[in-house]
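Mind the numbering: the sequence shown is residues 262 to 668 in the working numbering, read in order.
Because the hints were derived from the structure by calculation, they are not lab data. Every residue gets a Cβ at the ideal spot worked out from N, C-alpha and C, and that includes glycine. A couple of the hints might just be wrong.
What the hints assert, rightly or not - Listed next, with one range per pair, are the computed distances between beta-carbon atoms:
hint : residue 1 : residue 2 : range
1    : D337      : N511      : 24 to 30 Å
2    : S375      : D337      : 15 to 21 Å
3    : G469      : R534      : 39 to 45 Å
4    : P364      : V417      : 36 to 42 Å
5    : S522      : K470      : 31 to 37 Å
6    : H301      : G475      : 46 to 52 Å
7    : N332      : S359      : 23 to 29 Å
8    : G598      : G436      : 47 to 53 Å
9    : F416      : G469      : 23 to 29 Å
10   : D415      : S478      : 19 to 25 Å
11   : G621      : G475      : 41 to 47 Å
12   : A533      : R353      : 42 to 48 Å
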Amino acid sequence: MPRFLSLVAAGATAVSLIAPAASSAGIFGTAPIPISVGPHGEGANGPSGHATISGDDRKARYVAFDSAASNLVGGDTNGRTDVFVWSRPHGRAGLRLSAPARPSGNLVRASVSSSEVQGNGDSANPSLDGSMHSRPRCVAFQSTSSNLAPRDTDFVSDIFVRNFSRGRTVLISRGIGAPAVNSSIDGNCGKVAFEAAGNVFVARESRGKPHLIGSGSNPSYARDGSAITWQQGGGLMLNAGGHTLRVASNGSDPHVSDRTSGGWAVVFQTGARLTGNDTNPGTDVYMRVIRGGHVADTDLISASRRGAHSLGGTNLAGGITAYGAPRGIVTFASAHGGSDTLYYRNNHTGNIDDLAHASGGAAIFDVATSARANFVAFSSTFSGFRFDHNGSQQDVFFKGLVDGEAL
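Please build the complete structure, drawing on both the sequences and the hints.
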């Protein structure tokens with residue numbers, strides 16, 4: 262069972278995620294650093310959350326998040342929640358992460374119009390593109406703003422894509438009258454899924470009307486665009502390889518890997534007992550492998566290792582790497598005994614290890630995993646992480662799992 266250690270004194274550790282056994286060094290990787298901070302590292306004057314990481318192979322160049330703070334960038338005077346994109350520092354500074362995240366790296370506001378006008382409504386829930394073969398350039402988000410794109414003139418929530426490489430913002434939920442929320446973009450800035458009026462739609466970034474794929478909510482794209490999963494009627498659906506099937510009759514917050522020779526892997530959280538080693542009355546994280554249009558395997562992730570009993574407590578899915586089962590990495594947060602711990606599970610070895618720990622009743626949530634799980638981002642109310650000057654306010658943190666990769 263991995264040890265519960267505070268990250269206040271944790272340092273960087275050079276390790277391999279495909280090691281034959283779990284690390285005995287406690288917390289893997291670098292200490293988390295806050296990225297929802299001002300230009301000189303000052304604490305944000307509002308809460309931040311909903312982090313997402315670009316899917317660009319080992320690079321993980323960007324993290325996007327939303328924040329109600331007004332002091333993260335200059336000129337933020339709208340008094341609204343905005344979406345921001347943080348660039349990981351280049352070179353060794355972007356790997357060691359041993360100094361404050363800012364002014365290293367760069368932070369820009371993404372919830373602006375093509376002419377850089379700030380939104381007059383709240384913007385939230387970003388989703389970044391980027392895949393194993395495509396450099397990231399876009400972020401999708403929802404906004405009640407009426408001034409981000411010419412075709413949107415009301416304050417009903419819509420989905421937008423900001424192409425930050427071209428400086429262009431476009432309306433995605435074209436022709437949808439109901440509030441549109443919870444977008445998920447594929448890895449090539451080509452298609453965006455979102456929910457509206459109890460249905461899931463997909464629209465191209467560049468043109469055309471959204472098309473309906475089914476009833477439900479909370480869609481999530483594979484980074485290679487080969488599959489999409491979503492919640493429906495308390496359960497989970499998957500559209501992949503020409504098939505649409507129910508992955509689970511009870512579950513939420515699904516994440517799907519890229520297509521591999523073994524099919525797709527879907528990670529989700531559920532209170533249902535799906536395997537015999539699930540002895541936990543609380544929520545657990547599972548992975549199901551989809552092959553040939555059906556569920557081929559079910560694995561309890563939130564256990565001390567593959568085949569072991571549940572960790573206990575409440576466990577929340579954090580995501581899965583692009584390459585999925587059997588070699589993929591899954592991250593999840595576990596709340597147990599008044600403390601929250603962030604874990605990764607190595608599907609190659611079946612081992613898990615701890616990545617971050619928040620004590621004293623503080624929470625870890627909104628976990629995002631990079632395409633190869635060499636970086637994670639998450640929200641937390643813990644006041645003990647390095648360079649965090651906000652006390653128990655909710656902030657977004659970034660962490661390297663492996664020192665020495667992805668210059």
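Here's how the hints hold up against the structure:
1. In this structure, D337 and N511 break the distance hint of 24 to 30 Å, their C-beta atoms being roughly 41 Å apart.
2. A beta carbon spacing of about 18 Å between S375 and D337 agrees with the range 15 to 21 Å that was offered as a hint.
3. Between G469 and R534 the beta carbons are some 43 Å apart, a value that agrees with the proposed interval 39 to 45 Å.
4. The hinted window of 36 to 42 Å between P364 and V417 holds, with their beta carbons roughly 38 Å apart.
5. A C-beta distance of roughly 35 Å is found between S522 and K470, which places it inside the suggested range of 31 to 37 Å.
6. A hinted range of 46 to 52 Å holds for the C-beta pair H301 and G475, which are about 47 Å apart.
7. In this structure, N332 and S359 meet the distance hint of 23 to 29 Å, their C-beta atoms being roughly 24 Å apart.
8. Under the hint 47 to 53 Å, the C-beta atoms of G598 and G436, about 50 Å apart, fit the expected range.
9. Between F416 and G469, the C-beta spacing of about 25 Å keeps the proposed range 23 to 29 Å intact.
10. One distance hint, 19 to 25 Å for the beta-carbon pair D415 and S478, holds here, with the actual separation near 22 Å.
11. Range check, G621 to G475: about 43 Å between beta-carbon atoms, so the 41 to 47 Å window is met.
12. The hinted window of 42 to 48 Å between A533 and R353 holds, with their beta carbons roughly 45 Å apart.
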